[in-house]
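Colleague: Chains as they are written, first to last, in the working numbering: chain A, 1 to 420; chain B, 1001 to 1420; chain C, 2001 to 2420; chain D, 3001 to 3420.
Just so you know, the hints here were simulated from the structure itself, not pulled from any lab data. Even glycine gets a Cβ: it sits at the ideal position worked out from N, Cα and C. Treat each hint with caution, since some may be false.
What the hints assert, rightly or not - Straight-line distance between alpha carbons at most 30 Å, and here's what the computed DSS-like set of lysine-lysine pairs gives:
{"hint": "1", "chain 1": "A", "residue 1": "Lys-50", "chain 2": "B", "residue 2": "Lys-1096"}
{"hint": "2", "chain 1": "B", "residue 1": "Lys-1029", "chain 2": "A", "residue 2": "Lys-276"}
{"hint": "3", "chain 1": "D", "residue 1": "Lys-3054", "chain 2": "D", "residue 2": "Lys-3029"}
What the hints assert, rightly or not - To list a few chain B residues with every Cβ distance to chain C over 10 Å, as calculated:
{"hint": "4", "residue": "Glu-1105"}
{"hint": "5", "residue": "Glu-1168"}
{"hint": "6", "residue": "Phe-1170"}
{"hint": "7", "residue": "Glu-1254"}
{"hint": "8", "residue": "Thr-1278"}
Spelled out from the first residue to the last, the chains are:
Number of protein chains: 4
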Amino acid sequence: MFILTQKISQIVGGLFISDADLIVDKILKKSLELHQIELSAPEAVEIRRKAVEKMTGATLDGLRAYVIDAESSSRRNIENMIGAVQVPVGVAGPLKVSGEYADGEFLVPLATTEGALVASVNRGCKAITAAGGTSVRIFNDEMTRAPVFAVEDVREAQNVVAWVKQPENFVKLQRATKETTTHGELLRVDPYVVADNVFLRFAFDTKDALGMNMVTIATDRLADVIVEELNIRLVALSGNLCIDKKPAAINLIEGRGKNVVAETSIPRSIIEQELKTTPEGMCDVHYRKNVLGSIKAASLGFNAHAANVVAAIFIATGQDAAHVVEASTAITSLSLRGEELYASVSIPSLLVGTVGGGTTVKTQKECLSIMGVAGGGEPPGAHARKFAEIVCSAVLAGEINLIAALAARHLARAHAALGR
Amino acid sequence: MFILTQKISQIVGGLFISDADLIVDKILKKSLELHQIELSAPEAVEIRRKAVEKMTGATLDGLRAYVIDAESSSRRNIENMIGAVQVPVGVAGPLKVSGEYADGEFLVPLATTEGALVASVNRGCKAITAAGGTSVRIFNDEMTRAPVFAVEDVREAQNVVAWVKQPENFVKLQRATKETTTHGELLRVDPYVVADNVFLRFAFDTKDALGMNMVTIATDRLADVIVEELNIRLVALSGNLCIDKKPAAINLIEGRGKNVVAETSIPRSIIEQELKTTPEGMCDVHYRKNVLGSIKAASLGFNAHAANVVAAIFIATGQDAAHVVEASTAITSLSLRGEELYASVSIPSLLVGTVGGGTTVKTQKECLSIMGVAGGGEPPGAHARKFAEIVCSAVLAGEINLIAALAARHLARAHAALGR
Amino acid sequence: MFILTQKISQIVGGLFISDADLIVDKILKKSLELHQIELSAPEAVEIRRKAVEKMTGATLDGLRAYVIDAESSSRRNIENMIGAVQVPVGVAGPLKVSGEYADGEFLVPLATTEGALVASVNRGCKAITAAGGTSVRIFNDEMTRAPVFAVEDVREAQNVVAWVKQPENFVKLQRATKETTTHGELLRVDPYVVADNVFLRFAFDTKDALGMNMVTIATDRLADVIVEELNIRLVALSGNLCIDKKPAAINLIEGRGKNVVAETSIPRSIIEQELKTTPEGMCDVHYRKNVLGSIKAASLGFNAHAANVVAAIFIATGQDAAHVVEASTAITSLSLRGEELYASVSIPSLLVGTVGGGTTVKTQKECLSIMGVAGGGEPPGAHARKFAEIVCSAVLAGEINLIAALAARHLARAHAALGR
Amino acid sequence: MFILTQKISQIVGGLFISDADLIVDKILKKSLELHQIELSAPEAVEIRRKAVEKMTGATLDGLRAYVIDAESSSRRNIENMIGAVQVPVGVAGPLKVSGEYADGEFLVPLATTEGALVASVNRGCKAITAAGGTSVRIFNDEMTRAPVFAVEDVREAQNVVAWVKQPENFVKLQRATKETTTHGELLRVDPYVVADNVFLRFAFDTKDALGMNMVTIATDRLADVIVEELNIRLVALSGNLCIDKKPAAINLIEGRGKNVVAETSIPRSIIEQELKTTPEGMCDVHYRKNVLGSIKAASLGFNAHAANVVAAIFIATGQDAAHVVEASTAITSLSLRGEELYASVSIPSLLVGTVGGGTTVKTQKECLSIMGVAGGGEPPGAHARKFAEIVCSAVLAGEINLIAALAARHLARAHAALGR
């Protein structure tokens, strides 16, 4: 940290303070825009921050105190950077996970400002781990992008659908995909017709990357092929049938990213000791709240607070935080199996990656390394899958705890004690 | 930052290094749990971080370099704190907003690791501001919490509903609310019956606070009143009809938090110059993608990427990131008005606050102060409402830019240039 | 029937056959349209039927054999009438119902061509009645119509909402309603804003009538008042927020027509003897099929086959068959209560009437009279409510039987034996 | 009809009146149940009707006056038959349709008691036919049935999914299907996992039959194969992922039965003359009502009144009236193409058949014959597909007329004149 503080001083010093002020001045006079500063990233950050302070009267010395690499972030993660916000990170666990990729006990980093969340997941982890851990499997693993094309009429729509269904054309599309990416692989194309539009939902294997950009670039190429072959008009590279960052049944049903199910079976004794309630009490809360309440709310999410856990892990590990939307459609299920509580969480659209994007930022990468999933896996895809198994298990921990807490009517008291 | 580094050294030093190591050792041997460290918060953070490093082999020196107040965060925001993750912040704007609370030009801080997002909002801001800015209004402002009660049969359900609808009983509930909060105010109770359950959806005015904890605590008290008066069983303080952090029609229809609509009208010339496309092209993309695509996806969100903008602002300003889920149901609407493009975004469930929770964290508070909305407003509620007006306007900026970019088929290229 | 046949012959005879042929000829030559025949209704029906036979080569002597009043139906129910289709009617029951309006044992008429349906409801009735019958209550009773108005901007939208919320303006609207209907009564107005539109959802008490036309006519008048007072543009008398005959969450959540819940509690012995299965088996089927299956299908209906029962009763009794859509969102719930199976059906949008529309047709009126609900009740509304209580109870009977049959894996065999 | 009346008298006479009365008496004394009458069907109908009259005090002479074949209906369509209800039938058209199966002008029979409906469709037909008719295509044609199986854990779920995806196992399932049906053909199996359940969505080609029973029987056989091969437990033959008669996104997205799109393009002059409005006015109503209104209602149906038209055709032609639910999710789309209005209706789940079930009833068969689609087609499936093309086109006619009427604010007046 000392080194950083020094570096910034040196750099800004290197400009001569008057130079920096001059640029700030230009910004204030609107003769220069924030993104037009042609300096090294740390210098530009400093100048922008100063300009923003002057323009708004705010004091931003906290934002300034970052240790992440401004150069790298300015290239990959952000524009008009003025610093970094710091989100406190806590750990829950150990959580025993038995998946195909994750096998062992894991600590789960959670970045959140919502008091009681880490404690909640932690207590769930304790109960689960005491009971032998979670079992978890991934049932699909596909990243989708669905451009929309305008057609003249239903006849043309029919032609497009027929063309896409021809195996030889699919091979053509696979080949075109390979021109744009070495990692990504086209798995399927599903055509959907609405009015005078054909939506082609392309599904790709993107290995350890979330793959949003990979599939967007590949789809751009595929759209070219389609337009050329079929002489139809591309309306938009994303036609909202992908569908990205909007809650939607298509992702709940067909999945997007990882479709994961985690389960555990907890004996009555552990529920009574660790969670201070009973399996019956938890099933009752689950059915009336998660099932009947969500039904009456006409919700696409049938869980207690999956989004909380996902959001906290996503922010800690540099995932795209807007993908919390997809994960929030998780389906929690509780039932009695003799003297045990069988509990599971099904997340049909868990969108995670361990390479690219925010996962390259220093602190986020560190959080991934806590779970042993930083960077690319071996074989490719193994890290992202391992990570997905841990996330789904952690969500299950959060569910079990909150349902138990509600059953024991502890919620309000917990918040009163730990919260704001 | 220097001061902080020093402080940590002193503190840890104060323990004698051997003491710290001893505690770490106990954790590794599982004779002590992470949350059982009885030291000052910064000391405990250091020890936990070390323990996590030892347990996982990870190096976490980035997480350690925080400037936020560990003492305060450990009390309000997080448990088992091991440090902080740093999310780069960029600014978009200025964005001219004309609301009832926000009036003027604003810079919007966005914390994200998704390249191209800030640039996207920024370009939208430029077009909107050049066109005279947004107009924005809040149509409802209510925080809800809906406990679920079990009843014996439909007759009892009928009694509960009748009791709740009696004006004198509502007064009783308002009075009970006041026992738990000075700021919060009970506005309405809506009863819903499903099978042998009655859900009571309480709606509160929570002023500048998001109010989740405020309404949970108040509802705990109200549940006591109900149970006592009607002799029914409380199943759960939250019955998922609130509904929190799950995508659901009830919030889309009836709203939760702020129900905001922002609009703007952009002349053809600005669209051509700034956005390199036409009003007709944008309407075409909007209708086929945001409308028909979302319909076919059976989505509850009819927008291009509202969640992106909301997530980035929420993380920057210490909002509850899981509430991105609610905001993702935004409805974007584009239409031609003569030679102008009329564009609007309706967000029925925008959940924001400027006091409490993550808004008290140093860097997050700084981001709020960039928009002049840190802390409580005058009159109470004015800051949260001003903030909501700015957020909705910024989402509109993001929508306009992305739709324009798709219309101009710039998406893939933008990602290729700015993204991963 | 003999009388009818004779009457037709006489009438057509009265024209002189050659006259009838002449008209048919004109229709075939397209110099006369089907709706332009200026004769008595039965004559016109005959001529149209003949024309259709000639135009299509079909023989329609079954359609001709009707006993309903062509004159009345041509005035109220149908245009271009060519006869009547005959739907076989069976009865299920007796079904013991204990509601606020229906109290006793009822036979339920079902018009269907789907083999096994009547038998299914019948078996359910038997089990329920043996167990003491259903308890049933109506929680809301409101018919809605929601016109959409275009506004200039958010400010105007705010004005409209404010105007509507003023108590004195609501009185104005109630008064205007009274100008158009003696039976109907305006209960509430709920404003919803989306983009540059305000939807006003008017809710009416329509007594024994379904009330679609009553509320449409009233809303036409109310729209005039709104337009005059606020100088905004009416876009459409129905803005799809009513919402009529489309599956939608707003009706599931807030209800439309009658919001009814029926329940029963069946001892294990009856389930074993009558239904050849166990309470546990039925709960298992319910949870995995009605709950998890419907969740994964992203359904708005959480039942086994409510629509079947509703459709059959609706056709038998002259209801609007398209309103089966609303009823199909029924929520079935099963749970164990000691040695009893507690079962309920919640139908938030049951749209029924006993006066007007199809209820005036001879055979349909007869079916209503089987349940003692033909025509207006005393007090007004009592018949429609009694009817709603019976329908909801009959749906419960159908649910119990099908779930039991599935649990006993009888479904396929029942179809093989009774079906096509 | 004369013959029928006579026949009934003879039959009942044949019993000696006293015999009939004796049986009625037994029913009233509950020593005999309605379904236990061991006589010919017409006799049993008479006796049941009499018994119901005595039990309820109702007079049912209209129900008695049927011409359909009681013997056949009692075998296939109904149990406990007491007669038939008569629904008036009107015709709309001619409607010019240009599909792959339907090609020419068609009269469309509509059985309804809702005044104005036939007139509405008729006016739409007129405008469309004047403009050259509809174009229509079927994009999928699959009947589905999805049993649900309980599994022990996620590992077993994974095994089931893997087994199902093996091509050789699919061949096994196809072979098993053939053992139960000569017409039906297994096309696909899609596995879905939720918690400890695997749903297998089987899709069949059922040719001219709706095929509900065919696929239920086939699925019963397939379930046996699965259970035997994989040793898992069948919970229910239908696991609500089919999904039948419940509004659900899976059918909207993936389709069930026929997935049909019909379109037309109407010149401004025809809209002005026939529909008394403008293309712009209709697009405005469409966007604000069908799109924004349905969005805000959180509807799965984006149309004006598709269910009305479908219900009336379904009742006229002996379809399963409860399948109106699926069709109600139709997506209407209107847009300007130069001086023409382009209009389309997409119905992803149109469930129709021309053989079996209610299509065999005399009057219903007659209605099918009006469109030339009674009985099996050549090649098999051709009649059901032709019928689907006509239905979708008729829905389009209804949409165009209602949207135009709303645009011209004629709705209330039309109802006042034609309705109740």
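Colleague: Taking C-beta pairs only, is Glu-1105 of chain B more than 10 Å away from all of chain C?
Modeller: Since the minimum Cβ distance to chain C is about 19 Å, Glu-1105 of chain B lies beyond 10 Å and the statement holds.
Colleague: Hey, does Glu-1254 of chain B actually stay past 10 Å from chain C on C-beta?
Modeller: 8 Å, violated
Colleague: Can the restraint linking Lys-3054 of chain D and Lys-3029 of chain D be considered satisfied, given a maximum Cα separation of 30 Å?
Modeller: Given pair Lys-3054 of chain D, Lys-3029 of chain D holds - Cα atoms ~11 Å apart, limit 30 Å.
Colleague: For Phe-1170 of chain B, is the shortest beta carbon distance to chain C beyond 10 Å?
Modeller: 17 Å, holds
Colleague: Mind verifying the non-interface call on Thr-1278 of chain B? Its CB should be farther than 10 Å from each CB in chain C.
Modeller: At about 20 Å from chain C, Thr-1278 of chain B clears the 10 Å cut-off, so the statement holds.
Colleague: Quickly compare the C-alpha distance for Lys-50 of chain A and Lys-1096 of chain B to 30 Å and report which way the hint goes.
Modeller: 21 Å, holds
Colleague: Verify the proposed pairing of Lys-1029 of chain B with Lys-276 of chain A, using a straight-line Cα cut of 30 Å.
Modeller: Holds: Lys-1029 of chain B and Lys-276 of chain A sit about 26 Å apart, inside 30 Å.
Colleague: Is the claim that Glu-1168 of chain B lies outside the interface with chain C correct, judged by CB distances over 10 Å?
Modeller: Holds: least Cβ distance 20 Å, greater than 10 Å.
The structure fails hint 7 only (numbered hints given earlier).
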